[in-house]
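A.B. asks: Sequence:
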Amino acid sequence: MPIGLYFDNLYRTIEISKMSERPQPLKAINKFFDGKEPWQIVTMTASSVLALVWAHSLYNARETPTTRLRKEFFRWLRQVPIVRRKIEEKMTEIKADFRKDVAKRLAGVNVNRELPENGLPSERVVEEIRDHLNLGSYDWKGGNVSGAVYHTNEDICRVACDAYALTAYTNPLHADVFPGVNKMEAEIVRMAINLFHGDDECCGTVTTGGTESIMMACKAFRDRAYEMGISNPQMVLPSTVHTAFDKAAQYLNISVVTIPVDPDTLMVDVNAVKKAISRRTCLIVGSAPNFPYGTMDDIRALSDIALENDVPLHVDACLGGFVACFMPEAGYPVPVFDFRLPGVASMSADTHKYGFAPKGTSVVLYRRPEYRHGQYTVTTDWPGGVYGSPTVNGSRAGGLIAACWASMMYIGRARYVSMTKEILATTTYIYNELRKINGIFIFGKPATTVIAFGSKQFDIFKMADLLHKKGWSLNALQFPSGIHICVTHAHTATGVAERFVQDVREVAAECLRAGDAPVEGKMAIYGVAQNISDRSLVSDITKHFIDSMYYLPTPQDYDKN
Numbered sequence: 000m001p002i003g004l005y006f007d008n009l010y011r012t013i014e015i016s017k018m019s020e021r022p023q024p025l026k027a028i029n030k031f032f033d034g035k036e037p038w039q040i041v042t043m044t045a046s047s048v049l050a051l052v053w054a055h056s057l058y059n060a061r062e063t064p065t066t067r068l069r070k071e072f073f074r075w076l077r078q079v080p081i082v083r084r085k086i087e088e089k090m091t092e093i094k095a096d097f098r099k100d101v102a103k104r105l106a107g108v109n110v111n112r113e114l115p116e117n118g119l120p121s122e123r124v125v126e127e128i129r130d131h132l133n134l135g136s137y138d139w140k141g142g143n144v145s146g147a148v149y150h151t152n153e154d155i156c157r158v159a160c161d162a163y164a165l166t167a168y169t170n171p172l173h174a175d176v177f178p179g180v181n182k183m184e185a186e187i188v189r190m191a192i193n194l195f196h197g198d199d200e201c202c203g204t205v206t207t208g209g210t211e212s213i214m215m216a217c218k219a220f221r222d223r224a225y226e227m228g229i230s231n232p233q234m235v236l237p238s239t240v241h242t243a244f245d246k247a248a249q250y251l252n253i254s255v256v257t258i259p260v261d262p263d264t265l266m267v268d269v270n271a272v273k274k275a276i277s278r279r280t281c282l283i284v285g286s287a288p289n290f291p292y293g294t295m296d297d298i299r300a301l302s303d304i305a306l307e308n309d310v311p312l313h314v315d316a317c318l319g320g321f322v323a324c325f326m327p328e329a330g331y332p333v334p335v336f337d338f339r340l341p342g343v344a345s346m347s348a349d350t351h352k353y354g355f356a357p358k359g360t361s362v363v364l365y366r367r368p369e370y371r372h373g374q375y376t377v378t379t380d381w382p383g384g385v386y387g388s389p390t391v392n393g394s395r396a397g398g399l400i401a402a403c404w405a406s407m408m409y410i411g412r413a414r415y416v417s418m419t420k421e422i423l424a425t426t427t428y429i430y431n432e433l434r435k436i437n438g439i440f441i442f443g444k445p446a447t448t449v450i451a452f453g454s455k456q457f458d459i460f461k462m463a464d465l466l467h468k469k470g471w472s473l474n475a476l477q478f479p480s481g482i483h484i485c486v487t488h489a490h491t492a493t494g495v496a497e498r499f500v501q502d503v504r505e506v507a508a509e510c511l512r513a514g515d516a517p518v519e520g521k522m523a524i525y526g527v528a529q530n531i532s533d534r535s536l537v538s539d540i541t542k543h544f545i546d547s548m549y550y551l552p553t554p555q556d557y558d559k560n
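In numbering that gives the first Met the number 0, the protein residues as written are 0 to 560.
What the hints contain is simulated information worked out from the structure, not anything from laboratory work. Even glycine gets a Cβ: it sits at the ideal position worked out from N, Cα and C.
Below, in silico cross-link-like pairs of lysine-lysine (DSBU-like), each with a Cα-Cα straight-line distance of 30 Å or less:
(1) Lys103 / Lys542
(2) Lys469 / Lys435
(3) Lys140 / Lys99
(4) Lys99 / Lys468
(5) Lys542 / Lys469
(6) Lys274 / Lys444
(7) Lys420 / Lys435
(8) Lys542 / Lys99
(9) Lys455 / Lys468
(10) Lys469 / Lys140
(11) Lys542 / Lys85
(12) Lys103 / Lys85
(13) Lys469 / Lys444
(14) Lys70 / Lys542
(15) Lys140 / Lys435
(16) Lys70 / Lys94
(17) Lys140 / Lys468
(18) Lys99 / Lys469
(19) Lys94 / Lys468
(20) Lys246 / Lys542
(21) Lys469 / Lys420
(22) Lys246 / Lys89
(23) Lys358 / Lys99
Pairwise CB distance ranges, derived in the manner of DEER restraints:
(24) Asn152 / Thr553: 38 to 46 Å
(25) Asn152 / Asn193: 18 to 26 Å
(26) Leu165 / Arg112: 29 to 37 Å
(27) Val82 / Asp309: 43 to 51 Å
(28) Gln477 / Ser136: 21 to 29 Å
Construct the complete structure from the given sequences, taking the supplied hints into account.
C.D. replies: Here it is as structure tokens:
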């Protein structure tokens, strides 16, 4: 036999042998489809593919199946004609009530709908601004507001205003035109890094507020996840973390895994955080402190978890960061929460809160420059040239950066420590006195300046309503119901803390006497909202409230009254 023919026969024999030795899974599939009609095979194959796609979509979904099912149920229910009509009637009523509130607040003032034909005199413009500042119901300069206004020191305000007046029209986007503004921003970032014990490699940017700082960090680590091949990243968040993280999740299409907090300490359940981490996790978050209760998560434990799993940890110190960093020098212990912990990859802290800068500045800080690169936006092929910006905005207000820089430089470390000591002394006094009041309890133990309290004996929103009538603006909490006060330097003025404690004491006694009396005023909305199962209704009500912030009353609004 010719050698060529021999090998040809051998090759054919091997091929036939291979075909006869099909893998067992293929044999099983063939056997399964044996005797089936072609249309059955096509239908079953298509159904299997659709099932796999559906399962994959569930795995990648930003919401749990239970949440999605609940939403679909209520969406269907709202399509029922009688239910839809009832909801529309109620929403119309709520919308009208919000507009009535606006009309009441703006009664007696001029409403401008058209640009003046001729400009107004500067004196009149300034006078109208003063009138606008007096339209509110609360004495915010007198310390009657929780948070919001963090100091009322005239000398600090004057320096910040002078700085803004000089730089109001500057823009750090034009680095060649305003290099001094860029220098001031870099110095703000470096001063903050040093306060939070970062090293020379640490970096960051100034943003317009805590929400933007948080969004930038989320973008940075989402993009890092993309580079690692994770197409559907998740964040692991305590239930008490600031809602700006939910906002970032919506903007940036990041899934959220929410971790409960310990019911007694109000700190995140560290063991639950461990279990929640998966290959999709792009970020772990801890609060220092959180907004609702003012408690601080165990950042050291979270840092250890982050290192073990090679996942970045972001510490949100927007609320109390610029108090916590000065607490040891002020004589108040605080757990380590910053870059001294090796697992901390980034931090956010608001200079416009306890940094005492004017509204509109915050910092986001990173352990390494490559993290910061993730928050940048760069366009290389635009006809207008190569374009890059560090934060959400392209053009940024150089005046805000200068006013922040001026505030920090003017106040200085010694005065920051002194003001921190005064704020914490006031916080400690209020905390100790509230604990003595019959009928209320404190949520957890305040880590910095927020004191949250509730009641098991009466509706806490009744207390909030009565305190509102006494001139106090406090923050309402839900799940569970509560209210909190965020102590600022404005509360350190003589008699303010004592007056607050006395008013709470009197109102608590009144609530205990009243028993189950219904809650009145706007606080009733919080109680109702908490008990609405369809959270989309609460969302719609909130949207109407936001709409009312842009409503300008008409003469007809006052004719109705």
